[in-house]
Amino acid sequence: MNPAVDTSPYAWLLALPVLLPILGAAVTVIGSRSPTLQRVVGIVVLLAVSAIAGVLLVVSDGSGPVVASLGGWAAPVGIALVADRLSALLLLVSTLVTLAVLVYAIDQRIADYGRGTASTTFHPMYLMLSAGVSLAYLVGDLFSLFVAFEVMLTASYVLITRRTSAKKIRAGMTYVTVSLLSSLLFLTAIALVYAATGTVNLADLAGRVELLPPGLATVLGLMLLLVFGIKAAMVPLHFWLPDSYPNAPGPVAALFAGLLTKVGFYAMLRTQTLLFPREEPWALLLVIATATMLIGALGALAQNDMNRLLSFLLVSHIGFMLFGLAVFDAAGVSGAALYAAHHITVLATLFLVSGLITRRTGTVLLDEMGGLLRTAPWLAALYAVPALTLAGVPPTAGFVAKLALLQAGAAAGLWPTVVAGVVVVASLLTLYALARVWVRVFWGEPKAALPDDDPDDEVLVGTSRTPTPMFAATAGLVVVSLAIAAFAGPLTSVTGRAGVDLLDREPYIAAVLGAER
Amino acid sequence: MTTINVIMALTVGTLFAAGFYLLLQRSLMRVLLGVVVLGHGTNLLLQIAAGPPGAPPVLGTGIVGAITDPLPQALALTAVVITFALTTFLLALGYRSFVLVGHDEVQDDVEDRRIATQRMPSASLDEDHDHADRDRPSDDDGTDDDEADDDLETAAR
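Going line by line, the protein sequences match chains A and B.
Each residue of the first sequence is one higher than the last, beginning at 1 in the working numbering.
Each residue of the second sequence is one higher than the last, beginning at 1 in the working numbering.
Think of the hints as simulated: they come from the structure by calculation, not from any bench.
Check before you lean on any hint, since a few could be wrong.
Unchecked claim - The calculated SDA-like cross-link candidates involving lysine to any residue, where the alpha carbons are at most 20 Å apart (straight line), are:
id	chain 1	residue 1	chain 2	residue 2
1	A	K167	A	D305
2	A	K447	A	L431
3	A	K167	B	R114
4	A	K167	B	F84
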C-alpha cells in the first residue's frame with residue numbers, strides 16, 4: 001500500500017486536540033485524589049487545544065485544509081483527520097467555550113464545597129466530551145464520525161445522569177434513549193452507505209455518491225439528515241431537548257447547549273454539502289427550518305422555567321442555521337457557519353448566567369424572581385449582552401450573523417426570501433421572550449431568595465451572592481461574544497471563504513485524496 | 001454495489017421491527033431489550049454490507065480475489081463494543097431508576113402534565129388563589145403513581 005504523504009508540516013498538530021483531552025482524562029482518573037491536579041490538568045489541556053485550534057485556523061485559512069493520515073495509511077484506506085476553515089473555526093470557538101465553562105464549574109465547586117473536595121467522574125468525563133467534540137470536527141470519514149459522536153455522547157450521558165434524583169432520572173432516560181436510537185440509525189445509514197459505495201471516507205464518497213442512482217442517493221441523504229437532525233434538535237425531532245437539558249446541572253447544561261447540537265449541525269453541514277450537492281435551495285429543509293424557528297420561539301414564550309425557555313430558544317435558533325444550509329449557496333452556507341460559531345458562545349453564556357441567577361434566587365421559575373437589577377446590577381449587564389446578541393440587535397455578533405443569513409436568503413429567490421422574513425419574525429419573538437425574562441427577573445420589587453429545595457444535590461442555590469470567579473468565567477464568555485462582533489469583518493471573510501470551499505468541494509477532496517485522484 | 005440474500009434481509013428486517021416495537025413500550029426493561037435487539041440488527045446489517053459471507057477476511061489465507069471485505073467486520077467490531085457498553089450503561093440507569101422510583105416505568109413528562117392540568121377549566125377559576133396549589137383537581141390522566149404527583153407538585157410550585 002502506498003505510504004501516507006502528509007505534505008503539511010502542521011499535520012502532526014491534528015491529532016493533539018483529540019489526544020490531549022483523552023490523556024488528560026486518564027491523568028484526572030489516576031489523580032482523582034488531588035482535586036488541584038484535576039483542575040490544573042483540565043485547564044491546561046483545554047488551553048493547549050485552543051492554541052492548537054488557533055494555529056490550525058490560521059494555517060488552513062492561509063494554505064488550504066490540513067490533512068493527517070493516521071497510522072501512515074493514506075485516505076481512503078486509512079482514517080484521515082482534516083482541518084479546513086470551518087472545522088478549525090468551530091473547534092476554536094468550542095474549545096474556548098469548554099474552557100470557560102470548566103472554569104465556571106470548578107469555581108462553583110470550590111465556592112460550594114471548598115478547595116479540598118474532588119470529583120472522580122466530572123473531570124474525566126468533561127475532558128472525554130471535549131475529545132469527542134474535537135474528533136467530530138476533525139475526522140474525515142463517516143464511521144469515525146460515528147465513533148466521535150459516541151465518545152461525546154457517552155461522556156454526556158454520564159454528565160447528565162450522575163447524582164440524579166428521582167425527578168431528574170426520567171429526563172436522563174429520555175436523553176439517553178433518544179441519543180442511543182439516533183446513534184443506531186446513524187450506524188444503519190453507514191452500513192447502507194458502505195453497501196452502496198464501498199467506502200466511508202467522506203472525500204472518496206463525494207465522488208462515488210454521484211454515480212449512484214438518484215433515488216438511492218436521496219434515501220441516503222435523507223437518512224443522514226434524519227440522524228443529524230435528531231442530534232441537532234431540528235423540529236420535529238427536537239422533543240427530547242427541552243426535556244433533558246434544563247434538568248442537567250448549570251455548567252453541564254451550558255456545555256451541552258453550546259456544543260452538542262452544533263456538532264450535530266456541523267455534521268449535517270459537512271455531509272450534505274460534500275456528498276449531496278444541490279444547485280438550488282432545498283425546499284424540504286426550508287420548510288423544516290421555518291417550523292424549527294417558529295415552534296422553538298413560540299415554545300419559549302410559554303415557559304415559566306428559565307432553563308426550559310432557553311432550551312426552546314436553542315431549538316429555534318437551530319432553525320436559523322438550517323435555513324442557511326437550505327439556501328445551499330456559498331452565502332447561505334457561510335452565514336450558517338458564522339451563525340453556528342456565534343451561537344456556541346451565546347447560548348453557553350446564557351445558560352451560565354441562568355445558573356448565576358438561580359444561585360441567587362434559589363429558583364428557576366420566572367414568577368418567583370424579581371428586582372435583581374437592584375440587588376445584582378452586574379448580573380443584569382451579564383444577562384443583557386448575550387440576550388441582545390441572541391436576539392440579533394445591532395451591533396452585536398448575532399446581528400452580523402443574522403444579516404449574513406438574511407442577505408443570503410434574499411438573494412436566493414422567492415421562497416428563501418419568504419423564509420428570511422420568518423427569520424426576522426423568529427428574531428422578534430426571541431427578543432420578546434428574552435425581554436419577558438428581563439422584566440420578570442430584573443425589574444419589580446426584589447424578592448427574598450427561596451431556600452434550596454434539594455440540598456443533597458450538587459448545585460447549591462438560594463445563596464444570595466455570586467462568587468467572583470464564577471462571575472469572571474461568565475464575563476469572559478461575554479467578552480468572547482463581543483470579540484466576535486468586534487472582529488466581524490475578518491471572521492465574516494473567513495466564513496465566507498469556508499462557505500465557498502464547502503460548496504466547491506474541490507479543496508477538501510483534493511487535500512484528502514491528494515495525488516491519488 | 002453489494003446485494004444481500006433474502007434470508008439475511010428478512011432477519012435484519014425482523015430485528016429492526018422487533019427492536020422498534022420494544023422501544024415503544026413503557027417499561028424501561030423492554031426499552032433496554034429494544035436497544036439490544038435493534039443494536040444487534042444494526043450490527044448485522046453492517047456485517048452484511050461486506051457482501052456474501054463465507055470467505056475469509058484475512059489476506060493470504062484464501063485464494064486472492066476471493067477474500068471478504070474486512071472493513072465492515074472491523075467497523076462491526078467497533079460498533080459491537082460501543083453498543084455493548086451503552087447497553088450496560090442503560091441497564092445501570094434502569095436499575096438506578098428502579099432504586100429511586102420503585103418501578104421501571106417511563107414516567108409522564110412533568111411539563112406535559114402541568115400544561116394538561118392547567119387546561120382543565122376547574123383548575124384555578126373557581127378556587128381561592130391561596131389554595132390553588134394544594135387543591136389541585138384530583139382527576140389525573142390515568143397514572144396514579146406517587147412520584148409523578150410529587151413531580152407535578154414541584155412543577156406547579
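Do the hints match the structure? See the list:
no.: 1; hint: A/K167 to A/D305; verdict: holds, 15 Å
no.: 2; hint: A/K447 to A/L431; verdict: violated, 25 Å
no.: 3; hint: A/K167 to B/R114; verdict: holds, 14 Å
no.: 4; hint: A/K167 to B/F84; verdict: violated, 27 Å
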